[in-house]
Amino acid sequence: MYPAAFRYYRAATLEEAASILSQAGDEARPLAGGQSLIPLMKLRLVRPALLVDLNSIPGLSSIKSEQGVVRIGALARHAQLADSELSQLIPILHDCAAGIADAQVRSRGTIGGSLAEADPSGDWAPVMLALSAEVRTQNSKQQRTIALGDFLKDAYTTALANGELVREVAVKVPAKNSGGAYIAFKRCASVYASASAAVQLTMADRSTCEQAHIYLGCVGLVPLHATAAEAELRGRELTKERISAAAEAAMEAAAPHSDMRGSAEYKKVLVKHVVKKGLEVSLRRSRGEQVEVSHEYVGRI
Amino acid sequence: MNMSVGSERVQIRVTVNGQVHQREVEARQLLVDLLRETLGLTGTHIGCDTSYCGACTVLLNGEPVKSCTLFAFQAHEADVKTVEGLSHNGDMHPLQKAFVQCHGLQCGYCTPGFLMSSYALLSKNKRPTDDQIRKALAGNTCRCTGYQNIFKAVRSAADTLAAGTQ
Ligand SMILES: Cc1cc2nc3c(=O)[nH]c(=O)nc-3n(C[C@H](O)[C@H](O)[C@H](O)COP(=O)(O)OP(=O)(O)OC[C@H]3O[C@@H](n4cnc5c(N)ncnc54)[C@H](O)[C@@H]3O)c2cc1C
Ligand code: FES
Ligand code: FES
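As you go down the protein sequences, you meet chains L and P in turn. In case it helps, my numbering puts the first sequence at residues 1 to 301. In case it helps, my numbering puts the second sequence at residues 302 to 467.
Careful, some of the hints might be misleading.
[As the list claims (entries may be wrong)] A short list of chain L residues far from chain P (calculated; beta carbon distances all over 12 Å): (1) Arg7; (2) Ser62; (3) Ala175; (4) Thr208; (5) Leu221; (6) Ser244; (7) His273.
[As the list claims (entries may be wrong)] Taking lysine to any residue and the SDA-like style, the derived pairs with C-alpha atoms no more than 25 Å apart in a straight line are: (8) L/Lys141 with L/Arg29; (9) P/Lys425 with L/Val293; (10) P/Lys425 with L/Glu85.
Just so you know, the hints here were simulated from the structure itself, not pulled from any lab data. Cβ atoms here follow ideal geometry from the backbone N, Cα and C, with glycine treated the same way.
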């Protein structure tokens, strides 16, 4: 399978890439890790006339933490994020980065490409929403900051204008008394998840929840904000029963479709499982416990 | 639009198994085809051609990648290692020997990919746990062996190599 012929341009700066893309319009695409774009080009579902390569732009894959804010460059790769020190600071990032697809895809795929692709089953969007992330974008002249919730418009659709690129993703380092986790269930390693939950809790004390953020992946066109589940937890003591009630509420809110990954009923049950486990792990982590979790699949649970 | 931006042909310089190659390639040429068709290194296989099976796995600057999901130009100024680069002076790599000894292959079609994923793991992690081995091989598909013997081969090679470096 071969992509249709295209012209190739290696951009030196993000501004230059944005400028070329804005002149070329729909004909052109930026290339990051290529792990979504190249498969689509090989199937000729996408036939850009021009590819603008972002991979040689210096500094675009840096991961910096300053004044309580972590800034992740658009070109930071999943594997790089999984190995970074950030994993210690914000464990939910590690849960996600270390479990996406397989080692080969993680070597190449980038966080900027993932968010720009806005796949309804993409792993980064629910995680970054749970952390209230902001996306910093760049066109040929200026930058702007967009809350991720506003950035993600619809399935495969973002707020990016023609010639506008993702520059970085910024998240606040969660407070000491908080804990988060990302649990995704997939059929095997190299496929998108069937259902996933990103949870980030802020605790008032050892067992009372002050604030909860819960986003569900794969069960809507964009990640689903599980507000009813959050309301079950806020200001309450996180007993076993309370956690089950929240998982139940998340399950009720999910509106999955039946497809090759499973029936709608099956996916709803998965939602309950991933939310419950996400809450349990988040709670333990908020108490300073080291808990290792990542994507689950048959043979690796 | 400005039709002069970019070109359909690209100059690349890539080191494959220690040998430098300078070529002009079509922008759309995939890395796996640069290796197989242009450089004649047919050890790297194409299984699914849809980014799934891992038969085409090679190392790009030490990282495992699916060469069917990478353009040749993405290897510009990079170091590529293929299965042909594993043996040394005609002597098979301990991983290759372990695959033979443990019956880690039947038809052998998937083997180059499994070898390269395993090699990538052992280059970074001299003493992998069983779980780390399984996770490192999760992007490779085998239709013959049922995986158990592949796992045993990598376990055995890892133990042999670790014993040698003590
Ligand atoms: C076998 C396989 C399994 C996978 N499984 C999963 C999975 O389980 N979960 C998951 O989340 N992902 C999965 N992926 C996708 C993977 O994570 C991709 O890496 C990711 O979706 C896209 O990132 P990329 O850097 O490869 O982007 P590319 O493929 O290079 O680009 C994707 C799109 O975004 C645009 N783009 C890229 N960078 C920017 C930028 N900085 N600004 C604006 N637009 C940009 C491109 O033009 C393109 O339209 C899988 C991929 C494969 C091949
Ligand atoms: S041939 Fe590349 S992943 Fe199957
Ligand atoms: S040995 Fe035949 S596919 Fe693996």
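Proposed proximity, valine 293 of chain L with lysine 425 of chain P (alpha carbon, max 25 Å): Holds, because 21 Å separates the two Cα atoms, which is no more than 25 Å.
Assertion that leucine 221 of chain L lies outside the chain P interface [Cβ separation over 12 Å]: 24 Å, holds
No chain P beta carbon within 12 Å of threonine 208 of chain L's: 35 Å, holds
Outside-interface status for alanine 175 of chain L - nearest CB in chain P farther than 12 Å: 31 Å, holds
Distance restraint between lysine 425 of chain P and glutamate 85 of chain L, which requires alpha-carbon spacing of 25 Å or less: 17 Å, holds
Nearest-CB test (12 Å) between chain P and arginine 7 of chain L: Incorrect as stated: the minimum Cβ-Cβ distance to chain P is 4 Å, not above 12 Å.
Distal placement of serine 62 of chain L relative to chain P, Cβ over 12 Å: Fine: 18 Å to the nearest Cβ keeps serine 62 of chain L off the interface.
Given as non-interface: serine 244 of chain L, which should sit over 12 Å from chain P by C-beta: 29 Å, holds
Satisfaction of hint between arginine 29 of chain L and lysine 141 of chain L, Cα-Cα up to 25 Å: 19 Å, holds
Interface-negative label, histidine 273 of chain L against chain P, beta-carbon threshold 12 Å: 21 Å, holds
Consistency with the previously given hints fails for number 1 only.
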